[in-house]
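Chemist: Listed below, chain by chain, are the residues.
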Amino acid sequence: MTSLSPQDQAVEIQEHHEESHPDHRMFGLATFLVADAMTFAGFFAAYLTFKAVNPLLPGAVYELELPLPTLNTILLLVSSATFHRAGVNLRRSDMQRCRRWLLLTAILGLAFLVSQMVEYFTLPFGLTDNLYASTFYALTGFHGLHVTLGALMILIVWWQCRTPEGRVTADNHFPLEAAELYWHFVDGIWVVLFVILYLI
Amino acid sequence: MTLTLPQQSKPPSLQPTGWLRYLSFSVDHKVIGLQYLVCGFAFYLIGGALAGAIRTELTSPVADFMPRDVYNQVLTLHGTIMIFLWIVPVVNGAFGNYLIPFYVGARDMAFPRLNAVAFWLIPPAGLLLITSYFITGAAQSGWTAYPPLSLTTPASGQIIWILSVLLLGGSSIFGGINFIATILKMRRPGLKLMQLPMYCWAMLGTSILVVLSTPVLAGTLILLSFDIVAHTGFFNPGMGGNVVVYQHLFWFYSHPAVYIMVLPAFGLVSEILPIHCRKPLFGYTTMVYSIMAIVVLGLVVWAHHMFTSGTPPWMRLFFTIATAFIAVPTGIKFFNWIATLWGGKISLNSAILFSCGFIVNFVLGGITGVALAQVPFDVHVHDTYFVVAHFHYIVYGGSVFVIFASVYHWFPKVTGRMLDENLGRFHFLLTFIGFNLCFAPQHWLGLNGMPRRVAEYDPQFAFVNQISSVGALLMAISTLPFLWNVFASARSGEIAGDNPWRALTPEWLTTSPPPVENWAGEPPLVTHPYGYGIPADQIDLKDASGSDLWSNGR
Numbered sequence: 022m023t024s025l026s027p028q029d030q031a032v033e034i035q036e037h038h039e040e041s042h043p044d045h046r047m048f049g050l051a052t053f054l055v056a057d058a059m060t061f062a063g064f065f066a067a068y069l070t071f072k073a074v075n076p077l078l079p080g081a082v083y084e085l086e087l088p089l090p091t092l093n094t095i096l097l098l099v100s101s102a103t104f105h106r107a108g109v110n111l112r113r114s115d116m117q118r119c120r121r122w123l124l125l126t127a128i129l130g131l132a133f134l135v136s137q138m139v140e141y142f143t144l145p146f147g148l149t150d151n152l153y154a155s156t157f158y159a160l161t162g163f164h165g166l167h168v169t170l171g172a173l174m175i176l177i178v179w180w181q182c183r184t185p186e187g188r189v190t191a192d193n194h195f196p197l198e199a200a201e202l203y204w205h206f207v208d209g210i211w212v213v214l215f216v217i218l219y220l221i
Numbered sequence: 014m015t016l017t018l019p020q021q022s023k024p025p026s027l028q029p030t031g032w033l034r035y036l037s038f039s040v041d042h043k044v045i046g047l048q049y050l051v052c053g054f055a056f057y058l059i060g061g062a063l064a065g066a067i068r069t070e071l072t073s074p075v076a077d078f079m080p081r082d083v084y085n086q087v088l089t090l091h092g093t094i095m096i097f098l099w100i101v102p103v104v105n106g107a108f109g110n111y112l113i114p115f116y117v118g119a120r121d122m123a124f125p126r127l128n129a130v131a132f133w134l135i136p137p138a139g140l141l142l143i144t145s146y147f148i149t150g151a152a153q154s155g156w157t158a159y160p161p162l163s164l165t166t167p168a169s170g171q172i173i174w175i176l177s178v179l180l181l182g183g184s185s186i187f188g189g190i191n192f193i194a195t196i197l198k199m200r201r202p203g204l205k206l207m208q209l210p211m212y213c214w215a216m217l218g219t220s221i222l223v224v225l226s227t228p229v230l231a232g233t234l235i236l237l238s239f240d241i242v243a244h245t246g247f248f249n250p251g252m253g254g255n256v257v258v259y260q261h262l263f264w265f266y267s268h269p270a271v272y273i274m275v276l277p278a279f280g281l282v283s284e285i286l287p288i289h290c291r292k293p294l295f296g297y298t299t300m301v302y303s304i305m306a307i308v309v310l311g312l313v314v315w316a317h318h319m320f321t322s323g324t325p326p327w328m329r330l331f332f333t334i335a336t337a338f339i340a341v342p343t344g345i346k347f348f349n350w351i352a353t354l355w356g357g358k359i360s361l362n363s364a365i366l367f368s369c370g371f372i373v374n375f376v377l378g379g380i381t382g383v384a385l386a387q388v389p390f391d392v393h394v395h396d397t398y399f400v401v402a403h404f405h406y407i408v409y410g411g412s413v414f415v416i417f418a419s420v421y422h423w424f425p426k427v428t429g430r431m432l433d434e435n436l437g438r439f440h441f442l443l444t445f446i447g448f449n450l451c452f453a454p455q456h457w458l459g460l461n462g463m464p465r466r467v468a469e470y471d472p473q474f475a476f477v478n479q480i481s482s483v484g485a486l487l488m489a490i491s492t493l494p495f496l497w498n499v500f501a502s503a504r505s506g507e508i509a510g511d512n513p514w515r516a517l518t519p520e521w522l523t524t525s526p527p528p529v530e531n532w533a534g535e536p537p538l539v540t541h542p543y544g545y546g547i548p549a550d551q552i553d554l555k556d557a558s559g560s561d562l563w564s565n566g567r
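Top line first, the protein sequences correspond to chains A and B. Residue numbers for the first sequence follow the working numbering, so the first one is 22 and each next one is one higher. Residue numbers for the second sequence follow the working numbering, so the first one is 14 and each next one is one higher.
Hint data in this document are derived by calculation from the structure and do not stem from the laboratory.
Far from chain B, some chain A residues (derived; all Cβ distances over 10 Å): (1) Leu85; (2) Ser101; (3) Arg113; (4) Leu124; (5) Leu125; (6) Ile128; (7) Val135; (8) Phe142; (9) Phe146; (10) Ala199; (11) Phe215.
Listed next, the stretches of chain A that the computed footprint assigns to chain B, with coverage defined by at least 3 CB atoms under 8 Å from CB atoms of chain B: (12) 59-70; (13) 73-83; (14) 150-162.
Every residue gets a Cβ at the ideal spot worked out from N, C-alpha and C, and that includes glycine.
So that you can see chain A by itself, here it is in the shape it has in the complex:
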C-alpha cells in the first residue's frame, strides 16, 4: 500500500461520505440524558443530606404550599401525553394534527413556567435567605432551565414541520423524537423533584 496524495484523499472524502451508516443520534441523546440525570442526582443527594444533618437555623423561614406545584405536576404530565399524540400523528403523516398537539404541548410547558414564576414571587423566602431556600431555588431553577430549553425545542420542531416538505416529516422525525425524549425526561425529573422537595 502506498500513501495517498491529498487530492486522492479529497476524492475519497467525497466518495465515502456518500455512504451512510445507521443513525445513532437517539442513542447519543439517551446517553447525554443519563449524564444530565446525574447532575440532578447530585443536587438531590445534596438536598437530602442537608435535610438529614443540617437543621434549619433559628428564625429562618422555609415553608412550601402544595396547590401550585400540584397544578404544575399535572401540567407537565398532560404535556407528555400531548407530545406523544403529536408523535403518533407525525408517523401517520397527519401534519395538521401533529402541529396542533405540538403547539398545545408548548403552551402547557409555558404555562408551567408562568406558574413556577408565580410560585417564586409568592414564596416567603428568597434565594439567599437560608440553606433550604437556596437549595429550593437552585433545584427548581435548574429544572426550569430545562423546561425552557424543552419548550424552545418544541417550538422549533413546530416551525420545522409547517410544510410537508419541511425538515421534520414522517420519514425524518429525529428532531421531534429527540425533543419528545427530552421532554419526557424533564417531566420525569419533575416528578422526582416534586416528591423530594414538596412531599418528603
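Chain A is fixed; fit chain B onto it per the hints.
Modeler: Structure of chain B alone, referenced to chain A:
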C-alpha cells in the same frame, strides 16, 4: 433509518490539507486525536514549568522564591492543568479518537462534529485558566477547591477556575458519549464485543465513568459558584451550609477521575505489551471483567478521601473495604501483564521500557493506595507528602509513562517514520530515575509529617526536599531528548513502512499515515487482535485468553 453524513455537500477543496487541518474544525478522528495530543503536550510543558517552580521553592524551607499566595496559585494551576488539560484529554481524547474507530472497524467516530466541538472546548478553557493568573490572579484553593477555602480566597480567580473546569467537564462528557456510541454501535459487521482490542474495553469503562460522574462535579461547581457570586450558603457553615457535602460531591467525580486517567492507560499498555513481546495478551476475559469491576467499584469508594472529615465509623468501614476490593481487579490486571511478558520474545525498545516502567511505578503507587485506604494509617498521613507521592506514582508513574510508551509505539503509524530508539531509551532512563528520585523521598517526608500545599516547611526536611528537587530537574531535562527526537524523526526519521512492529491490530493493517478513510478498501475483520506466536490456523481466542487455566483450575 439511515443518515447521510453532511460533508458531501462541501466541495473537497474546502477541506484544509497539510498541517493547516490541525488548526481547523476538522471532523477527521485522526486529526482530532492529534489535536488533543499536541494541545495536551503543550499544557504538559506549562504544567511542568509550574511543577519546576514548586520544586524550586521547596529547595529551601522558607518562601524565598515566590510569595505564599503566588505559591498557592502555582500549585492550583499545576494540579488543574495536569489533570484536566493533559492527562484526561490525552489518554482519553488523543489516543481514544485516534485508535477507537480503527479498533471497531469504522471510518470515523459516531458523532464527528460533536467530537470536534469537544476538542475545541479545551484550548479556550486552558487559556482562560492560564490568563487568569496574569489578569486577576489564579485560584488559590488547590485543584480540589474545598470550601470554605475556595470561598475566602479571591473570588475572581476562583470563578474563572470554575468556568474553565466546567468547559473541560463538558468536553469530557461529549467525548464520553461519543466513545460509548462508537464502541457499542459502530462496530464493523461480524466483530463481536469480546473480540475488541483491550483499549476499547478500557475506553468503554472510562466513558461510563465520565458520563456518570462528571455531571455531578459540574453541578457541585455550579453550587459553589452560587456561594461565591450570589452569597448563598450551600457550603458556607456560617450560613448553615455544609462543607462535607461539597467533599462528597466533589470526590464522587474526582475519585472516578483517577480511573478516568488510569483505565485508558491500562488499555494502552495492554495493546503495547503483546506486540513487543510477541505473545497473546494473557487473560483477555479476566481483563475485561476487571475493567468493569473497577468501573463499578470506582463509583463507590469516594469517601476514602474524607476519613478526616468527621466521617462516621460505618462509612469509614464501608469505604475502607470497598477500596481494598479494588486492589483485586487491579491486581488481576497487573499479573496478566506480567504473564503476558513471561517467556515472551521481548524487544527492549522505548515503548516496552516505558510500559515496564509503568508496571513498576503503578504497583508501588497501588500499594501505597491500599495503605491509604486503611483508616488508622490514612488519619496519620492525610494531607501530607505521602499522599502527594502516592498520587504522582499513579498519575505520572502510571498514566504519563504510558503516554510516552504510546507515543513511541504509535509514532510510526501517525507520521510514517520511526523514532530514534537510542534517544528513546535515554529519555526513558532519565525519566525513570528522575521520577523515582523526585517522588520516592516524598513518602518519607509525608510519614514524618510534612504537610502538602505549603510553601514553607520544617528545616529538618530540607535535605530530602533537595533530593526530590534534583529528581524534578532530571524529569525536566528528560523532556529535551524526547522533544528533539519527535521533531527530528518527524522530519528525517527512518521510514517506518505500514507495519513496523508486525502487529495484528487493525490500525496497522493500513498505510502509515492512514488515509482519510482509514483503509483504502473494506475495514479488515480482526477477530484475534493478539494472535501472536501461534500459527495462524490454530488461533483460538479461548486458549489465548487463559480461560482454560480457569476452567482446569491450574
